[in-house]
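**Student:** One-letter residues, chain by chain:
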Amino acid sequence: MRVLPRVLISLLSLASAWAHAATIEMNVNGLVCAFCAQGIEKQLRKFPATADVVVSLEQKLVAVALKDGQDIPDSELRRALTNAGYTVKGIQRTETSLAVLRERLKQGKP
Amino acid sequence: MFRSSINLAGALALAGPLSAIGKPIAFAGGTTVMAEYGAGTMIEAQIFYAPRYDLSVGGGHLELNSDETTKITNINYARLNYLVHRWNLDNAQANLFIWGGLGSATGNTFSGTVLAENAGGQADYETRRIYASLKTDLQRSSEFSYRIDTLQLGVAPYRHEYGGIATWFLVQARQYTGGIHSGTELALLLRLFKGGIWVEAGVTNGGKLQAMAMVNF
Chain A
1 MRVLPRVLIS
11 LLSLASAWAH
21 AATIEMNVNG
31 LVCAFCAQGI
41 EKQLRKFPAT
51 ADVVVSLEQK
61 LVAVALKDGQ
71 DIPDSELRRA
81 LTNAGYTVKG
91 IQRTETSLAV
101 LRERLKQGKP
Chain B
1001 MFRSSINLAG
1011 ALALAGPLSA
1021 IGKPIAFAGG
1031 TTVMAEYGAG
1041 TMIEAQIFYA
1051 PRYDLSVGGG
1061 HLELNSDETT
1071 KITNINYARL
1081 NYLVHRWNLD
1091 NAQANLFIWG
1101 GLGSATGNTF
1111 SGTVLAENAG
1121 GQADYETRRI
1131 YASLKTDLQR
1141 SSEFSYRIDT
1151 LQLGVAPYRH
1161 EYGGIATWFL
1171 VQARQYTGGI
1181 HSGTELALLL
1191 RLFKGGIWVE
1201 AGVTNGGKLQ
1211 AMAMVNF
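Going line by line, the protein sequences match chains A and B. Numbered continuously in the working numbering, the first sequence closes out at residue 110. Numbered continuously in the working numbering, the second sequence closes out at residue 1217.
Derived from the structure by calculation, the hints contain no laboratory data. Certain hints may be false.
Unchecked claim - With a Cα cut of at most 20 Å, we get these calculated DMTMM-like pairs of lysine to aspartate or glutamate:
no. : chain 1 : residue 1 : chain 2 : residue 2
1   : A       : LYS42     : B       : ASP1054
2   : A       : LYS106    : B       : GLU1161
3   : A       : LYS109    : B       : GLU1161
4   : A       : LYS89     : B       : ASP1090
5   : B       : LYS1194   : A       : GLU41
6   : A       : LYS60     : B       : ASP1090
7   : A       : LYS106    : A       : GLU41
8   : A       : LYS60     : B       : GLU1161
Stated by the list, open to error - Reference listing, derived: stretches of chain A covered by chain B, where coverage requires no fewer than 3 residues with Cβ under 8 Å from a Cβ of chain B:
no. : region
9   : 39–50
10  : 79–88
Given the structure is predicted, the values throughout are model-derived calculations rather than measurements. Ideal placement from N, C-alpha and C gives every residue a C-beta, glycine not left out.
Produce the complete structure using the sequences and hints provided.
**Tutor:** Shown next, in the form of structure tokens:
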């Protein structure tokens, strides 16, 4: 039974690599309630380059999937989260798709 | 005890489409609609729009019914809420809000309509498992002066995740000045929220319904 999630993650990773889905992951302080997440999601969806947003209160993580060939500068991301009332601790860019990230978060992994 | 149970059941029944308030500013670009029924002594409805995360403007209606006399006061007000400071910690958030506004009031202990002034503040601290807030709200005019002080302490039985239902159990202590209610009114509350909908309901030590509801969008 433990093999199934691994296979699923591998397949999703392959699909992610094939699609060249770029994701921006941000570590955010002060993320303790659904209203915080709601406000942040609303701000980030305003960017034309945003394809999707995932917020994890448990991991204090905000992730943005970018549309193909598009990007959002770190400075604009920091400004958006600061204007939403939160503190960005770090920004990383990965090739992990949000589908993989969601699966990882569902398993309680950072 | 039976009356309390009925009131609690009524409060929980309200927990459907309605919702309640924790902060006077939800998020930048957000609109907050709130309603509170305070154990028969106060009924309040508010609507605020936040152009920024630290500022919201709007208005409300407050009805105060003394449980010591037959005094009733109705206040309509416009208000500005300001987040003085927010502390974004690793696993917690703390806030200090202040607000002020002007309005008009009518009542059965004076004639006509009088100018009403409103001022208040709130300090709160929350993690995903504990919550504490202290709020003070002053309404005054040439005919009356009322202050409502509210302390809430809460605990969550589990850490909620965005998209799921958050559950909180709270103890509320409230004091009124101006002859609305003597002594400290205690209430046990159940708070639920999911997405932009928040509901809070319970029963006071006097066996009365205490309920609040809020929607953010």
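**Student:** For each hint, tell me whether it holds in the structure or not.
**Tutor:** Going through the hints against the structure:
no.	hint	result
1	A/LYS42 with B/ASP1054	holds, 16 Å
2	A/LYS106 with B/GLU1161	holds, 10 Å
3	A/LYS109 with B/GLU1161	holds, 14 Å
4	A/LYS89 with B/ASP1090	holds, 9 Å
5	B/LYS1194 with A/GLU41	holds, 15 Å
6	A/LYS60 with B/ASP1090	holds, 8 Å
7	A/LYS106 with A/GLU41	holds, 19 Å
8	A/LYS60 with B/GLU1161	holds, 11 Å
9	39–50	holds (count 4)
10	79–88	holds (count 5)
Checked against the numbered hints given earlier, this structure breaks none of them.
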